[in-house]
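Trainee: If you're matching them up, the sequences are chains A and B in order. Mapped onto our numbering, the consecutive letters of the first sequence carry residue numbers 2 to 333. Mapped onto our numbering, the consecutive letters of the second sequence carry residue numbers 732 to 1251.
Incorrect hints may have been included.
As the list claims (entries may be wrong) - Calculated cross-link-like contacts (lysine to any residue; reagent style SDA-like; alpha-carbon spacing at most 25 Å): (1) K201(A) x E798(B); (2) K786(B) x E798(B); (3) K201(A) x D856(B); (4) K1131(B) x R197(A); (5) K962(B) x V791(B); (6) K1070(B) x Q216(A); (7) K1125(B) x L199(A); (8) K201(A) x K962(B); (9) K201(A) x S1116(B); (10) K201(A) x R1171(B); (11) K1125(B) x G202(A); (12) K867(B) x D856(B); (13) K962(B) x L1211(B); (14) K201(A) x S831(B); (15) K1125(B) x V198(A); (16) K201(A) x R1093(B); (17) K786(B) x S1112(B); (18) K201(A) x R853(B); (19) K201(A) x L1211(B); (20) K201(A) x V791(B); (21) K1125(B) x F168(A); (22) K1131(B) x L191(A); (23) K201(A) x P1168(B); (24) K201(A) x D1143(B); (25) K1125(B) x S200(A); (26) K201(A) x T1150(B); (27) K1125(B) x A193(A); (28) K201(A) x K786(B); (29) K1125(B) x S159(A); (30) K201(A) x Q1132(B); (31) K1125(B) x R197(A); (32) K1131(B) x V198(A); (33) K201(A) x A1149(B); (34) K1131(B) x M196(A); (35) K201(A) x V1115(B); (36) K201(A) x T1076(B).
The hints are simulated quantities; they were obtained by calculation from the structure and are not laboratory data.
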Amino acid sequence: MSTVPVSSSATATPVSPAPARSPRRLIAAVPAIVLVVLVLAVATQRPAFLSATSLRTLLEGTAPLLLLALGQTFVILTGGIDLSGAVLASFGTVLLALWLPVGGPLGAAAVLLALSLAGALNGLVCAYAQIPSFVVTLGTMGLWSGVALAVSGSSTISITKGYDTIFWLRDLRVAGLPVSAIMAIGAVLLAAVLMRVLSKGRSLHAMGLAERATQMSGGRTFRLRILAFALSGLCAGLAAMVLAASQFSGAPSLADSLQLPSIAAVVVGGTVITGGIGGPLRTLVGALLVVVLRVGMSVAGVPPSFEQIVYGTVIVAAVALTLDRRRVDIVK
Amino acid sequence: MTGPLETGAPVLELRGVTKRFPGVVALDDVSIEVRPHEVVGLIGENGAGKSTLLKILSGVYQQDEGELLVRGAPARFRGPRDAARAGIGTVHQEQSLVGSVSVAENLLLGAEGRSVRGGFYRWSDLNARARAQLAKIGSAISPTARVNTLTFAQRQMIEVVKAISVEDLPDRTVDAEPVVVFDEPTSVLAGEDLETLFAQIERLRTRASIIFVSHRLDEVLRISDRVYVLKDGRCVAEREPGAVDTQELYRLMVGRASTGQYYREDEQGTFDSTTADADEVLGADGLSLRGRFADVSFSVRRGEVLGIAGVLGSGREDLCRAIFGAEPLDGGELRVGGKRVRFRTPADAVRAGVGYVPAERRFEGVAMGMSVAENILLADSSAVSAGPFAVPSKRAALVKQWIERLRVRTPDPGTDVATLSGGNQQKVVLAKWLSSPRLRVLVLDHPTRGLDVGAKEDVYRFVREMCGQGLAIVLLSDTLEETIALSHRVLVMRDGRVAAHFDAAPGAKPTQVDLVEQMV
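Bound-form chain A, shown alone (with noise of 0.2 Å):
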């Protein structure tokens, strides 16, 4: 008689249970927790960072991270990814910088509608072709990077005529706090709400859980997903405002560093990378933490050129953790 695998206990392997719906809530409330921590600990090293001046500071820098964040909200959300919206929002402060001077507020308005149709292009090619989000923007990165440099002759432009259409974003203040984050954080609780109240508000995330289940009842999928990335090219086109007002100039590279933090502002606030769970503002957690992470970098002394690293592997150790492994099949 030869030995065969393991006991003979007949004792069961319990099926694992139905994950319940309060552990999945305390997830979700574990960035917001990280983040308080984080300021705390921030505030105990420097109390001055608590001050008014110092957050709004912090506050103006985060809008233009914000807005891309919130972009790239939707794009993950439908279970895709947008690699091209940074360097969509620097295109976007070229084409300011060529446009404001002789189209004012038309051509601000006219910069926006350039960059969601960039951005439906997205949706359309990855719907339409069938191919994944990631390969169709990375191929957009390229392109529109390309776009930018030929388009700006490779350099910085600054912006004199015409500023008075974008000077407010960095110039007002509502209460002291500046129109930029005031319109950023505006647009996330606006896409809060509307998708809590309209009928369909839900739709991309239903689409990011179960698309076929969406489509086959009677999901407007196709729709969806140029929505998304339309939605994702608006929002790069604010940052690109936001942006071209504070640097009064427009530049073909002005937004590209900001990829890697939208991202990671995006998966760091708990939205899952493959789409369906979480929203807008689990992305305004997640944009703070990554703010507040900086401004804790630099206070504990670590080189600005970490920076990357820590936001690299802040992605990868986020989506670890908030990977619903049992619905992927196989991950490539």
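Chain A is fixed; fit chain B onto it per the hints.
Mentor: Below, chain B without anything else, positioned relative to chain A:
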């Protein structure tokens, strides 16, 4: 009745094996045994627990209770590898071969051992070993042939060889003849290939024990020494072919002889055929889809169930997906409520009042990860909206109403639909369509697949109720019995065309034989 009944200690034994999944008991206290050189048949309807049992035998699942004994020694397989090491090989229903490489590479995949030196194949050694394996069943297939150049039957033979090659694993834990499990091997075979397979099994039994799973009763009777019948997760009978016929096996498998009450035939409405077309809800003229079906015409009236029968490849699956806009039509005319329609996507169909309960419930039916409430409102929430805005109180009331009406067993409407049992998930899918005020036509694609008996009866009840409310239903069913019992009319498809039309009014139903004659 194919060979002498061997006696001797069982080579493989299950004792009181129970396996639970959330909401379902897939296997309930099942005991079976396999003796040396025996062919054991295992039959049961869809959802009876056959595949769960096989997955426990092949190490994919672990039982919750009960014992698995290999040659008398208790075993617990933590994965497919453990099962293989214990000498249990499986011939999978869907072939598990890598098409682009050679027979030899496939046969020794994962067991290359000495045939690989420094990361390189030693081809002569690999091919020699493969040839030795093939010789075991007297196969002349060349080890160097590329698998995707072989016929289906040849590939199946390779699967068989692969299954018995578990006896040569260097790290095997049981040093004896293997047990080979055939998982519905005949469902895609016919004629000569079938005979080859049976001859193969006859030869194989001289050196192995065999478990043969199928739902084709005549085949099981022909090849097996003993037959176990599974029903609703329980082993309800053990028979020897000499002492049983297909009729009785069928009765054991389904659990009843008469079907009228089960399908609520007394609740089936009747039609006055003279008023026919005035009440047409769904009409089709000459529908075609290249390579799938052609020239299909039918008409479904208010409150009527049209059953569509046909074998795999008859085109009926494609037809019903095309009615829902999930596949494009090449030609013909489709009418809903007398108006000509053209669906480019399912969204168009939903808008026109056509719903679809898909066979692939887990991927196309319910949106896993979304709540029961969200699933119910996924198709049409217009009735509980004010313009583009949701009205939460109305939403909650509608959801509650349908959960109660269809008796969906869920802790609360916010529960993730993925945690419900198959039957309750199917009820959620039905509620999704029935709660839509627009719904006029419902296409049911294998609506009872994988459901237990209770849930099936519920589905039949809803079908009757829906008809009573004037819905037109197109039904594709797993069994002819279900098709005949539920339908008012039956359309038989063969090779993409309508082969016959039967009236199936209550009390004047066609027999299964009538239908089968037209199907093949």
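Trainee: Check the hint pairing K1125(B) with V198(A) against an upper bound of 25 Å on the C-alpha distance.
Mentor: holds, 13 Å
Trainee: Are K201(A) and V791(B) close enough, with their CA atoms no more than 25 Å apart?
Mentor: violated, 40 Å
Trainee: K201(A) and K962(B) were given as a pair; does the straight-line alpha-carbon distance stay at or below 25 Å?
Mentor: Measuring from Cα to Cα gives roughly 42 Å; hence the hint is violated.
Trainee: Need the status of pair K201(A), R853(B): alpha-carbon distance at most 25 Å?
Mentor: Given that 25 Å is the threshold and the Cα spacing comes to 61 Å, the pair is violated.
Trainee: Hinted pair, alpha-carbon criterion (25 Å max): K201(A), V1115(B). Please report holds or violated.
Mentor: Measuring from Cα to Cα gives roughly 11 Å; hence the hint holds.
Trainee: CA of K201(A) to CA of D856(B), is that 25 Å or under?
Mentor: At roughly 63 Å apart (the allowed maximum being 25 Å), D856(B) and K201(A) break the hint.
Trainee: Would the pair K1125(B) and F168(A) pass a check requiring their Cα atoms to be no farther apart than 25 Å?
Mentor: Distance of about 46 Å is beyond 25 Å: violated.
Trainee: Holds or violated: K867(B) with D856(B), Cα cutoff 25 Å?
Mentor: OK: K867(B) and D856(B) at ~17 Å, within 25 Å.
Trainee: K786(B) and E798(B) were given as a pair; does the straight-line alpha-carbon distance stay at or below 25 Å?
Mentor: holds, 15 Å
Trainee: Can the restraint linking K1131(B) and V198(A) be considered satisfied, given a maximum Cα separation of 25 Å?
Mentor: holds, 20 Å
Trainee: Under the criterion that the straight-line Cα-Cα distance not exceed 25 Å, is the pair K201(A), T1150(B) satisfied?
Mentor: holds, 24 Å
Trainee: Quickly compare the C-alpha distance for K201(A) and R1093(B) to 25 Å and report which way the hint goes.
Mentor: OK: K201(A) and R1093(B) at ~22 Å, within 25 Å.
The structure does not agree with the numbered hints 1, 3, 8, 14, 17, 18, 19, 20, 21, 22, 28 and 29 stated previously, though it agrees with the rest.
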